[in-house]
Structures are given as structure tokens and as C-alpha cells.
Amino acid sequence: MREAALPAARARSPRLAGGVLVAAGVVLVAALALLVVYPSVMLVVGSLVADGRLTLAHYWRTFQDRAAVATLGNSLVVSTAATVLGTALGTVLAWLVTRTDLPGRRHWDTLLLLPYMIPPFIGAIAWVYLLGPAGYLNQLWMALTGSPDPLVVIYGPSGIVFALTLYGYPIVYATMRGVLQQMNPALEEAARIAGATPARLLRDVTVPLMLPGVLAGALLLFMSSLANFGIPAVIGFPARYFVLPTRIYRTILNFDLPNNLQIAAALSMWLVAIGVVLLFLQRRVLRSSRFVVVTGQATAPSRVELGRWATPIAAALGAFVAIGAALPVGAMLLTAATRAYGLPPVLENLTLQHFETVAVGIPKVPRAVANSLALASGAATIIVVLALGIAYLIARLRVRGAHLLDVLVTIPYAVPGTVVALAMILAWIRPVLGVHLYNTIWIILLAYVARFLIFGVRTLMAGLSQVHDSLEEAARISGASGARAFREITLPIIRPSIAAGWFLVFVPAVTELTLSILLFSVGNETLGVVIYGLHEEGKFALAAAGAFLVTTMLVGIHLVARAVSLRELVT
Amino acid sequence: MAELVLEGVSKAYGTVWAVRDVTLAVADGEFVTLLGPSGCGKTTTLRMVAGFIRPTAGRIVLDGRVLSAADGSVLLPPERRGMGMVFQSYAVWPHMTVFDNVAYPLRVAGLPRHEVAARTRRTLELVHLEGLAGQHPHQLSGGQQQRVALARALVNEPAVLLLDEPLSNLDAKLREEMRFEIQDLQRRLRITVVYVTHDQGEAMVLSDRIAVMVGGRIVQVGAPDDLYERPADPFVASFLGVANFLGGDVVGTDGGAAWVRLDGLPEADSLRVPGAAPAARVLVCVRPEALVCDPAGPLRGQVVRRTYLGNGLDYLVRIGPHTVRLAAGPDLDLRVGEEVRLAVRRAVLYPETNATTSSGRSAT
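First to last, the protein sequences are chains A and B.
Going by our numbering, the first sequence opens with residue 1, and the numbers climb by one from there.
Going by our numbering, the second sequence opens with residue 1, and the numbers climb by one from there.
In case anyone wonders, no lab produced these hints; they're calculated from the structure.
Computed from a predicted model, the values in this text were never measured in an experiment.
Careful: at least some of the hints might be erroneous.
Said to hold, decoys possible - Taking CB as the label site, the calculated pair distances span:
#, chain 1, residue 1, chain 2, residue 2, range
1, A, Pro103, B, Arg346, 55 to 65 Å
2, B, Arg217, A, His468, 57 to 67 Å
3, A, Ala563, B, Ser168, 38 to 48 Å
4, A, Arg200, B, Arg346, 39 to 49 Å
5, A, Glu488, B, Pro278, 55 to 65 Å
6, A, Leu306, B, Arg346, 50 to 60 Å
7, B, Ala118, A, Arg200, 44 to 54 Å
8, B, Arg217, A, Gln182, 47 to 57 Å
9, A, Glu488, B, Glu229, 29 to 39 Å
Heads up, the beta-carbon is just placed ideally off N, CA and C, and yes, glycines get one too.
Next comes chain B alone, as it looks inside the complex:
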């Protein structure tokens, strides 16, 4: 059992709020990712959970036990939180062998020698390092050091595992491999995980739920598909994957859907978007793969760029004053200059504000 709760957790450095009023409950065995651009406060939040940073406000509670409280009444030191942590720089101790690195938490806990040896060996097997126990870190590759760090964080079966951008120093192929491995380990050990990353792909693959952070606050929490399909605002939409934003006016409603006339296009070509209209002026957010070629589609455009991606094609299509990206399978072969008609399968509406018009339009 390990349920981790953050209640209104904040951290201020002088007058600057690094983290502001973060409330989040991580269920037992759940994998939650803090996702956001650099400087959004995600690492600070994680380090408050670990006990390296004292929160300015709020409480951190594990299974009903208060770990940190802002009034200073409680600040359990990191060594008494029973957590495991993987650091971005791995932080594998260079003066100890692989075995000693991994065995360290058990030795500190005062376990008998034979048990230390057995459990360390078992954990090394778990991360496929059984042959390297006697090596020193400088003899290992980056990926192997990463596994040592992971084994060390797991060896004493922590209640909560914290991972701070653990894959960002690995190359692309290794990163993908480790992703699945971390996922597999988490499911097998049924461990509660808080994961920090700025890589939305990583977050999507790994997480049960993702908390998107901007400017020290959580702007949306939800399952990956939830966040991808129903982003709370244009920022979340553009941070998770690619999004096309099209400005327009709501010209009518019918049966729980809104008709939107896109700027610069005739009213006859209006889009029907399911859901209530949030305002008269709106931004229509459409994912590249939610656009399809359809001879009966309402949007008339012209292909201006074609990019071959191997497993598919990426088109840039001009529709009146708008430019959209269209993700197509390998079978849709269009030429540059070709006229196409497009239909919208899924879309989300946002009220258009100054902020959204300036930041949300750069879909290309």
C-alpha cells in the first residue's frame, strides 16, 4: 500500500513561486507523470516529495502519514521516507562497484550479509546486470549506469519510486528500450511511481495519468488519451503532440454540436464540431491525424509540402488563410499543388483569447 497525496504544495524562492498550489493524489500502484517544459516546477515538486526541499506551503502525505508540512512541524528527512529515486545524472557512485552501489540501501538498513547478497543479486537480474556486479561505473555504458541507478532505487522495495528525467541522457534507441523496461518493471512490482519528464512521448507510453505543469501549477491531470483528445487548453494541446488551431466564429448550434465558420472561408464550408460552443469567437483544435481526405469534406485546400516519414506521410495543406498539418498513412499519395478536400473527424473548441491567438497558432 502506498498512496501519495500532495495537498496545496507550493515552493517560493524569495518572491518567485517555483511551485504553486499543487494538489495531486497518486493511488497505490499508480504511475503518474509530471510533464512540462523546463522550469515548470516539476523537478522541484519531485524533490519536495523526496524530502530534499521543504515546501513553503501545503502538505505531503504518504498513507495517511505526513511527510512534509509547511508549518515546519514535520519534515521527514529523505533517508526516512522509504522511497527510491533515479536521478537524471544517474548519480552512480564512482568509488563503488555495481554490486556495492545496488547493495547500499540494504546495508544502510542493516540487513544481514547473506540477505543483502541475495536481494542485490535478484535485483541485478531484474535489470539484466547480473554479469557486471564487480565492475566499476566508469567501465559501464550510459545505459548500464542507468540500470544500476534503477536497481539501486528498487532494491529495498520502496513504497514509492521517484524518477527525475531518467532517460534524458540516453540515445533515442536506448531511450525507447528503457521506456518499455521501466513500464514492465512497474507493472510486475506494482510499485507507486512519480515520474518527471519534459518528453510527452515518454509520458504517454508510461503513465496511468499525466499531470501537465506550466509555470509552477498543474493545468490538467488525466489519462494519456484523455489529455490528448480533450486538452484543457491550447497550451496542453500543443504541448502534447501536434495540434492545428483554426480561428472562427460560431454561426449556429444543433443537437449538442456547434457550427463554426472558419476565418476567411464561406459560411457554406462551416465545420460541425460536437460539444457546446464556449464562446462566439473560438479556436478549433484539430490533431493532424483527425484530418482525413474526403471528397465530401467541407474544407477545400491545396497541398504545399509533402514530407515522407517512412511509416507515413506528413502534409502541409493550405485552406484559405489557414495552414494545417495532415498526418496520413503510407497509402495516401498526394502531390505538391494537388487540390484536396478534407473532413474533420475530431476537434475541440476553445474560446479565443489574446493569449491563445499568439501562442496557439504555431502548429507548423
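Same shape as in the complex, but just chain A:
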């Protein structure tokens, strides 16, 4: 009997007491069913049902709608253009920072990630202040040249591509920086010693080795551009230029249209289909093991000497950082501090009135601040707890079928936020088992948790995978129970990952717009909703004051996060 029982026990390698494990598993599965499975099913069902019958009528309708098909084309064009530009930009910048002797590399690294701290819709709003019909840059142009026409008006597809590129390139930059840093420098040195000049080395070795990373980064950027709502909303609506997320948004709010939610669901399925294809492609790229780069002992990479190009390149980077971060933030501040938008920025036109109005004059603003802080910290906390369980099941216990959990967690992030919000609406528009969530703050919380869960799971899986099984096993053999070994060994070691996961959720959640704009109700506004609303109402100065304050707050949060994570690493 004992002999027979042994192999089975080994295969399972149970580390937590069975009962606790089962209970935790049930809770996690139930949570994911509630967060992901149920809304997904309701979205699909919604797109397929009319008057209580199964039908393809909604799909048929969207295919026949010229405007809708044009929107799909717009989405693809704008996203492709932004992806090409952003990938080129991000890759070149990452190469400059990691592989050349560019002066002040470490500072550039921080500066180049600055645009990522500005939420895209706020960045877009700031660029309206600069390149709107009465924007500062256009005013400057007209004053300097005497031209009666503005230089360029940002509204429309080019402006969308511009903003998507500017606020999206950090995705590729961060990916490529990692790829380049992990690439064994000996691979390049071997080519030099084999007789290749630096240019030839770049062509024969560096670029081919970077290619999988570039493709992976480009796919991420494409998906994020395709899903973006804030930028095409701010820059596209005034030119009546729609992409899929903004069209879906308009359709959801078009209460005069019969079956508007169902038609929106059918439109959403287009985005879902594109997302599925891209995810599949991404897996293929990442799995091609031919590109596994054997990393060796960390030697400092040999850097390409820029020589006389160093100064011009540094100057170009400086200008770029100014365009991406300094100029928009400056425009926000100026707009907020000017009595009325459009007045020239001279001393007698300056005022602090708008900051005061935003802070205390509009009751929904402080309410939104409180809501956003509560929602973001609540979502971050719930996510960290759920993610810890999911990551432990997948990475540690290797429970069969646990990978399904990983797929479930990926769905709400792979799918655009607009679609997640629609799925939540379809799931909760009627009370379920007597529970009312629609038009309450709880549906926003639910959506945030579903949407950002992947940040927590990925971070904690990475953290857990660095804690070798033997560390916990050493505690077990020393007499600690499974739960105790987890609490006293694993948990303290992965504390930095927990903190990082929390912040990774908190920061985007606190300025979230895409989900909130579709799910909020009076009294439950979020920061993003309020700022966007002020901008839409044409209260530019107030919106600018809010946007400036939010941006300042985000920079503060990043600084705190950095300080905390540093301290976590030290202790």
C-alpha cells in the first residue's frame, strides 16, 4: 500500500494542506468565472440574440453599414501607422541608450519613459492646447509668419497617429531595452573578431537577433493602439473621425438606436477577432526557439562610439523629450493658468482661479478624486490577493489545468477596454440573483479588477519563479507546515513583487478613462471621466487645471513607487 501511494504523492507534490488548497482553488475559479467568463459569455450572447432568438442579424447589420466598415479600415490604418513609427522610434532609442556611449545614458532612460507616465487621453488633451485651431504652436506660427491659417490642426487621423506614436513608443522601447540588455555581448564581439566592421555587425548579428523582440514589441504596440479610446476620442471626435473603440462607445450611448448594445457587441467581436489573431501570432514569435539567445556571464556590453555624432544625437533626444513630455505639460499649465483659453499668455492674463475652481468649486471633482483613489487602491489590493493565489497555482503547484486560469486572466487585457466595459454592461444591466451592480461604483471596481488582473498575475509569477522550490522545501524539512513555509519563506522573498504588482495596477487605474466613461453614473464619477467631461464641454482651462494636477500626482506616485521598490529591495 505505502509503495503504491508514494509515486502519486510525488507527482502532486502537495505543499499546502489539501483542504485549504481546495478552498482557495474554488474561490479563485469562482472569482474568475464572475470577472471573466460570465461577462464574456454575455457579450457573445448579446451579439447573437435579438428578441429572444439566436440570430446573426447584428453582425449582418454591421457588415452592411458602410460607416462601420470604414471605421474598421480607420482602426487598422491608424494603428498600423502608429505601430511602424513607434516601433522604429522605440527600437532606435533603446539601441542608443543600451549600446552606444551616448552621454548621460541613465538619465535618458528615465526621461524617455516619461511620456508613459502621462495617460494617453491627457496627453491628447494637452496636444489640443498646442496644435488645436487656436493652439499655442499655431498661434506662434501665425504671429511669426503673419499667416491667417494655423500651421497644422491636430484633429483627424494624422493627429491620432502622432499621439498614439508619442504615447505608445515606450512599450517598444521598454521591450527592446530588455532584449538588448540580455543579449550576450560576446555574440557581437565574436563578429568583430571574425572581421566584421561595426556596420556589418549591426546587419549580420545585432539586427537579426533583435528581430523577434522587435516583432513582439510591435505586436504589443499594435494591440494597444487598436484598443486606445482616449486619443481617438479627444482628437477624432471634433473631425468626426471614428475608430472601432470610439464607434462602439457612440453606439452604446446611442439610446435611440434599437438593440444598440447588441450591435455594439457585434462590432466588439471584430476587435476580439483581431486580438485573437494577434495573440496567436505573438505566441508563435515568442516560441520560435531558434532565437533563444544564450546569455553568458554578464560582461559590460561593448558600446558603439558615437564620436562626433554624440552631441547632435543628444540634442535630438533632448528635443524629443521636450516634445513628448515638457511641451504638453507646459501647455497644460499655461492653459490652466490663463484666464480664458485662446488669450495670449501675457502676465495680465495669468490667474490661479481655475485651479481653485477645480479643487473646490465643482463638487464632482473632489468626489471623483476620492472615487478614483478608492477604486484604484481597492482594485490593486484585490488583484494582488487573487494574483498571489493564481500565480501560486500555476507557477508553484503546477496544478493540471491551471494554465486555463492564465488564459482567462489574459482575455480582459487582450481585449480593448471599451469591449470589457460593454461586456460588464451586458452582464449586469439587469440584476443577477437580486444583486444590483449596474449604475453603482461596484461595476467599475469589477471592471478594473478584470482588466488589470494580468499585471498582478504576471508580476507575481515572475517573482515566484525566482524563488526556487528548494527554499520552501528546506523549510518543510526543517519542520514548518506548508502554509507556514509559504508565509515565512516565500512571502517575504516575493514582497517586492507584491509591491510592484500593486503599483502596476494602481497607477493606470487611478486615471482610467475607457472603462469608467461607459460604466460611471452620477455620484460615481472617476478622475478620468471628470477631466474628459470638462474638456468635452469646452471648459479647457478647468480641464487643463485638472489634467495638470493629475499629471503632477502621477509623477509623485511614480517617485513614491520607485522609492518603495528600492527600499523593498534593500531590506
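Based on the hints, put chain B in the right spot on chain A.
Then chain B, alone, in the frame of chain A:
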């Protein structure tokens, strides 16, 4: 012809000297190893030879042609030095086949296609990889990747071959096999080699001469037997193999030998060590295999540990306050606790300093 000369080569990072005043001449066809513990500057020295690092001081000269000069007047880039190099991590390009990896230096040199193919094939045969030309690196074992790296470094018949800890990522058996293979290739191709390792066994087997480096400096250069039998100082002695250090006083000299009374032992048991006494207080360095069981030997001791090694035995013997290791053949069978008398066949004397007493005594 390839004679490589390093003249007072130094490298500083800020105020830290990674390599200090290294002077070394490697003759044509010679195999020279830079041996030392990690952080001693051996890899930095090799990378200066390769041209990846600019020296802070000194010159590197190949056949009378200056490759690197510290004044900045010359720094020939790596691709124009005509050298081959094997990296510790192999650095086999994952996106190219075995054939393409090995052919690369020839293609860069612009050789005609048929010659590239012929020479690549010949070199692959040299390292016994002829059957794997179409494979990608991820399909190869560590040992095979190592051979690809070696073939790539040899394919364009470089004047100098540089090897940076090439065997440290291989398992013990493969390491030994590759050792002999590298030696065999070097002799057949009569190529000038600079080899970097921290493994003294590897250095002994492979090298014509070994340069031992500590703290950025070369402390001794010599043939392996020279270094083993006549180490310049106790550090070199203990870094190359095992050494027993016994403190004592010089009590007399006779005909080019010194009589040393070991600490805590009677003067009657003094050791006679050939050579001049360097100081009144000395450290006697004795290799474990230079100690032999001899009923007439001057040292009386007791076996405290016996370790069976298969091809021999390793004994720990207490002699008064001293403890020494004794390497014996399989036929010398002693019991723990047994009394033995030992004679010293070969020994070297060093003046005892504070540094040698603290670092040199840990022979066990």
C-alpha cells in the same frame, strides 16, 4: 609568424587598476596561459589584446606592428587584428546554422563562395562536426557549441588564437576531452595561443608557459614544471596545486643547503633544504607528493586522516604542531593513528612575512 608582445600594459577603471604593468612576450607558435583567481585582470588583459578594451598605459605589438597604444595614437579595431577568439559563453549565433557560424569570418573577408565552402568544411572536420553543418545552435549540446566556437575562431587561420575560459561551462569529462583536443589542434596548426583560465589543472596540461596573475599584475611566468617546482612565492605555490607550509628557523647552512628547525620540533629533527636561506625566519613549502615514508626520515608524525582516492591515497599527518598532507600511491596503506617517519624529497624556502603566515598556511 606571430609574435605577440605586451609592453607595460595597464588598465584603470576610475581609480581602480584592473591590470597593472603587464609585460609578456608570446613567441610564435607558443601556448601561453594567463592563470589567476577571478578578478585578477586576466580576462581584461585578453580583451585588450583582442581590441575590445583600450589600454590605459602600455603597448600591444604583433610582429612589430603596434595594435594598441595607450597614447591613443593607435587602436586597431578587433576586426582588423586577424585574431580568432573563443568566448566563455561560446557566443555561437543562434540565428545561423553551424555552417554559417563557421563560414562567417571567411564571408566577411570576401572570399569566393567555393573557397568559403571548402575551408568551412575542412575546419568542421577538424573539430569533428562535419555531420552537423545544417543544424542550428539550439539543437546542439554544450560541447558541440563549444566546437562550433572553436571552428569559427580557427577557420580563417588567425595569427593569434585567444581563448577566454572556453571550458568552464562544460562538465568534467568533456572538459578533459576538449583539453586534449585543443592541445592537439594547437600543435598541428602551430598557432600562437593566449589562453585565460582560473583552472590550474587546465593551465598545466595545455601551456608551454603560464603567467600567474594576482591583483592585476603578473607575479610569475614560467613553464608549468618550473612554476610547480619553484613557485615565486607562497601564493603561487598554493594556487598551483596543494602545498604544505611549515614555519621554522634557519639554524645552519652547509654546502648550498640550509638546515631548518621547524617550530615546536627538536633541533635534532631539522630539515636540510637545498638552496640558499632567504631569511632567518622561513616558511618551508613542501608538495604533498614530495613527502615520502622513510624509516630514516627526520620528521616523526601520526596519521590523523586517511582518504581513499582510487588511484592513490591522501593522508593528513600531524607532526608536532604542524599538519601536512601526504600524497601516496595505492600501495602505501597506513591506518589512522599509526606512527610514521617522513622524509622531504623537495622543498622551497620563503622568508616568512605577516602576509605569508596568514595566507600560506591553509594547506589542508
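**Q.** Whether the CB-CB distance between alanine 118(B) and arginine 200(A) falls inside 44 to 54 Å
**A.** Taking Cβ atoms as reference, alanine 118(B) and arginine 200(A) lie about 23 Å apart, which means the hint is violated.
**Q.** Outcome for the supplied range 57 to 67 Å, where the beta carbon pair is arginine 217(B) and histidine 468(A)
**A.** Given about 39 Å between the Cβ atoms, the range is violated.
Q.
Is 55 to 65 Å respected by the C-beta to C-beta distance linking glutamate 488(A) and proline 278(B)?
A. With Cβ atoms ~57 Å apart, the hint holds.
**Q.** Verdict for proline 103(A), arginine 346(B) (Cβ pair) under range 55 to 65 Å
**A.** holds (59 Å)
Q: For glutamate 488(A) and glutamate 229(B), compare the CB-CB distance with the range 29 to 39 Å and indicate the outcome.
A: 55 Å Cβ-Cβ, so the 29 to 39 Å window is violated.
Q.
Just to be sure I understand the hint, the distance between the Cβ atoms of alanine 563(A) and serine 168(B) should be within 38 to 48 Å; is that true here?
A. holds (40 Å)
Q: Take the C-beta atom of arginine 217(B) and the C-beta atom of glutamine 182(A), compute their distance, and say whether it sits inside 47 to 57 Å.
A: Given about 34 Å between the Cβ atoms, the range is violated.
Q) Is the hinted range of 39 to 49 Å satisfied by the C-beta distance from arginine 200(A) to arginine 346(B)? A) Distance hint for arginine 200(A), arginine 346(B) is violated at roughly 55 Å.
(Q) Tell me if the beta carbons of leucine 306(A) and arginine 346(B) are separated by a distance inside 50 to 60 Å. (A) Holds: the Cβ-Cβ distance is about 59 Å, inside 50 to 60 Å.
Hints 2, 4, 7, 8 and 9 from the earlier list are contradicted by this structure; the remaining hints agree with it.
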